[in-house]
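In the order they appear, the protein sequences are chains S and B.
Throughout the first sequence, residue numbering follows the numbering used here, covering 1 to 445 in sequence.
Throughout the second sequence, residue numbering follows the numbering used here, covering 1 to 445 in sequence.
Please note: incorrect hints may appear among the correct ones.
Chain copies aren't distinguished; within one or between two, either way the pair holds.
[Unchecked claim] Calculated pairs, DSBU-like style, for lysine-lysine (alpha carbon to alpha carbon, straight line, at most 30 Å):
1) 295 with 345
2) 295 with 38
3) 345 with 38
Note that these hints are calculated values from the structure, not bench results.
Protein chains: 2
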Amino acid sequence: MTERTSPLLTDLYQFTMLQAYFDQGMADTAVFEFFVRKLPSSRNFLMAAGLEQVLDFLEDLHFTPQELDWLANCGRLHRRFVDSLHELRFTGDIQAMPEGTIFFTDEPILRVVAPLPQAQLVETRLINLLQFQTLVASKAARIRLAAPDSLLVDFGLRRAHGAEAGLLSARASYLAGFNGSSTVLAGMKWGIPLFGTMAHSYIQAHEQETDAFEHFARSHPLASTMLIDTYDTEAAARNLVPLAHKLAREGINIQAVRLDSGDLAEHARQVRGILDQAGLTEITIFASGNLDEYKLAELVAAGAPIDGFGVGTRMNTSADRPYLDCAYKLQEYAGVARRKRSEGKTTWPGRKQVYRSLGDDDLMAGDFLTTADAVQSGQPLLVPVMRQGRRLAKSPALGAIRDHARAELARLALPLRALTPATSPYCVTVAEPLRLLAAEVDRRT
Amino acid sequence: MTERTSPLLTDLYQFTMLQAYFDQGMADTAVFEFFVRKLPSSRNFLMAAGLEQVLDFLEDLHFTPQELDWLANCGRLHRRFVDSLHELRFTGDIQAMPEGTIFFTDEPILRVVAPLPQAQLVETRLINLLQFQTLVASKAARIRLAAPDSLLVDFGLRRAHGAEAGLLSARASYLAGFNGSSTVLAGMKWGIPLFGTMAHSYIQAHEQETDAFEHFARSHPLASTMLIDTYDTEAAARNLVPLAHKLAREGINIQAVRLDSGDLAEHARQVRGILDQAGLTEITIFASGNLDEYKLAELVAAGAPIDGFGVGTRMNTSADRPYLDCAYKLQEYAGVARRKRSEGKTTWPGRKQVYRSLGDDDLMAGDFLTTADAVQSGQPLLVPVMRQGRRLAKSPALGAIRDHARAELARLALPLRALTPATSPYCVTVAEPLRLLAAEVDRRT
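Please construct the entire structure, taking both the sequences and the accompanying hints into account.
Shown next, in the form of structure tokens:
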């Protein structure tokens with residue numbers, strides 16, 4: 001999203017807190033980290049996503065005169081404080097895991113170091129961006145693992161939760177390993193490959209199904225996908241055979257058929273048989289309809305002759321678990337480490353780093369969560385991406401992020417790649433320096 | 001949303017179908033209807049929402065030169081077709097159920113009558129807008145029914161699926177009966193009442209919790225809500241007592257305390273006791289943290305002394321069921337009724353109307369689904385809202401929609417208001433004229 005997001009897209013409490021900070025002159029450096037408290041039981045790993053949109057938001061953070069007027073007149077805030085927002089920009093530093101990186105419970109994927117009011121104000125939108133894309137990328141990665149060799153296309157825009165969810169889930173699923181999306185705007189914005197077939201309404205608008213097929217093929221002579229389940233799937237496949245032969249003689253190519261209802265494996269076998277018997281072995285079969293990683297794994301295991309899948313709603317609403325237990329927490333203020341101790345929500349204090357070791361087999365062998373200044377073997381996962389409110393480097397291309405994500409998935413041990421919960425979860429060790437810091441913070445408060 | 005939504009926020013197949021229609025000269029009048037195929041088992045009713053944003057989208061539908069350039073160069077569409085989009089506007093008619101209306105399986109809540117290409121093109125965004133707000137309004141209505149007398153505030157922006165989801169869920173939950181939202185932009189856009197407290201980070205940024213309370217109260221002397229669970233809930237409540245007395249003498253008012261972790265009912269009882277014993281009976285108790293209609297019903301049944309609830313993630317992701325089995329289907333083209341017969345997805349053909357009867361007790365007694373021109377007793381639920389691409393009347397104020405929603409909930413029989421599935425669902429009768437039309441369509445195809 002290159003469009004500006006209003007800084008009023010936040011919780012009211014950010015402004016009431018900011019006014020209290022303002023009245024008290026509290027503007028020292030604060031350190032916040034974003035992390036997931038606990039992985040859902042149906043996820044063996046998560047995949048970081050959304051950083052790019054966070055950096056866009058921070059670089060462009062400012063208030064318009066209209067927004068300031070509204071705040072000044074909303075009855076909750078005093079004029080001197082609202083006037084001070086006129087100059088507010090984000091001037092902080094960001095460290096983060098690159099998008100596509102796999103991470104686990106308690107591991108920060110982003111750290112903000114900025115004057116307290118700035119770091120506080122951006123909380124809501126940062127969580128909003130990071131949790132959603134991470135949620136979708138993590139779900140999409142599971143779907144990719146369930147069908148490693150299939151064409152996978154995001155079909156979810158219509159039942160995504162609004163415009164931005166539809167657009168960003170095209171991005172998140174592509175970076176996690178999908179081949180593309182049906183969302184045209186995602187193609188325009190990010191160059192994501194676009195896929196599309198036809199709707200039942202297109203078939204129904206014609207008196208004869210075969211006419212609908214022929215008109216479509218003639219309008220798209222290089223490639224077209226025919227939706228064949230509007231009335232009777234196998235009958236449609238049989239009717240397609242003479243048409244495909246006729247069109248082929250004119251150089252018009254039918255690329256695929258799509259199944260969207262019924263027993264997909266059984267229909268695919270029947271249709272494959274009809275097409276193959278007619279010599280139409282080049283026409284591929286594409287399936288859609290309430291799919292997710294579990295259905296795909298079933299279809300793949302059953303050897304259903306399906307070449308590609310359109311996966312929509314259940315992927316981009318992350319339907320089995322539509323949110324993450326994530327938080328953006330103050331870890332340090334004015335040079336002093338802080339810790340929240342609410343029941344069931346205790347956090348590790350201070351600036352942290354995650355170190356990852358690979359085994360001899362090149363698989364992830366375990367992570368260490370420790371303080372940012374500790375000495376620790378392994379590869380540090382959080383890297384600097386923004387200093388004083390400006391990106392340190394041009395953002396990586398989406399294709400490069402996708403390559404990184406694929407490499408990350410390849411480094412996961414088999415039990416973590418499985419759809420079922422791993423009997424022993426990935427090992428994240430809280431290292432001694434962090435334990436000592438936590439004990440010190442507890443003694444102090 | 002008054003911002004323009006790009007018409008490229010749609011599925012690629014809309015454009016490939018539109019090109020085939022263009023090549024074939026198919027631009028007769030089409031009738032599409034949006035409906036839910038099957039209510040989720042955990043919903044006894046649904047509440048229509050999202051119409052306002054649909055009408056905004058349709059009134060403003062047009063392509064920019066940049067969008068047309070991109071389409072012309074995307075490699076899928078030919079120039080003559082793309083050029084024809086330059087003039088495309090929505091010139092159709094819309095009938096719809098007013099927002100806040102309760103509806104059931106198979107009942108259309110919106111009908112589009114427009115030239116085929118227009119009615120087709122808008123499919124994706126119409127579903128995207130209607131399903132999401134309907135999903136959230138329906139969930140929020142259940143939450144309101146679970147706690148009829150409590151203050152209910154939408155706290156869900158951070159874990160909503162992106163910006164638009166956060167914003168629109170503030171609107172949808174408010175119209176369904178919430179008292180307000182923490183989302184500031186929703187206050188600016190729609191005048192939705194705003195509520196806010198403070199974050200744990202605000203407390204943690206101070207060395208002493210009581211200092212944090214005092215600074216906040218002095219910054220917000222008219223009213224403030226103190227978050228008391230950062231370290232020890234009851235200790236914080238006890239420390240608040242002398243502070244509240246001191247501030248009261250200066251005319252500074254602490255309005256409420258907030259609980260956000262642990263056993264909310266038990267903490268509320270303890271805290272209520274501490275406050276009451278100190279004569280602070282005016283300070284109310286507000287609770288938040290993973291709440292939904294089931295938790296609220298529990299807390300209300302247990303008599304927990306909680307005055308208000310912040311309900312976030314589980315409400316605005318509709319977490320137990322994050323999508324609806326909804327569709328936007330072609331019902332008529334060029335004057336001829338149509339019907340889809342895919343397995344498990346058969347639809348009722350033609351233009352339809354829903355008639356509702358009330359019993360002597362003023363409760364909804366049953367609906368009739370019939371053809372739009374049939375004679376039928378009861379109140380017709382679909383009403384004209386747009387003609388030739390223009391609204392027929394100024395949109396109702398959000399407050400009026402909210403009043404309508406409340407009246408609708410009051411007309412629901414008790415078993416339908418319950419959180420558990422009603423043993424006998426609400427009766428929707430498919431009337432004779434519609435059955436005859438379906439039979440006629442089946443004979444024809």
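Which numbered hints turn out to be false for this structure?
-> Failing hints: none at all.
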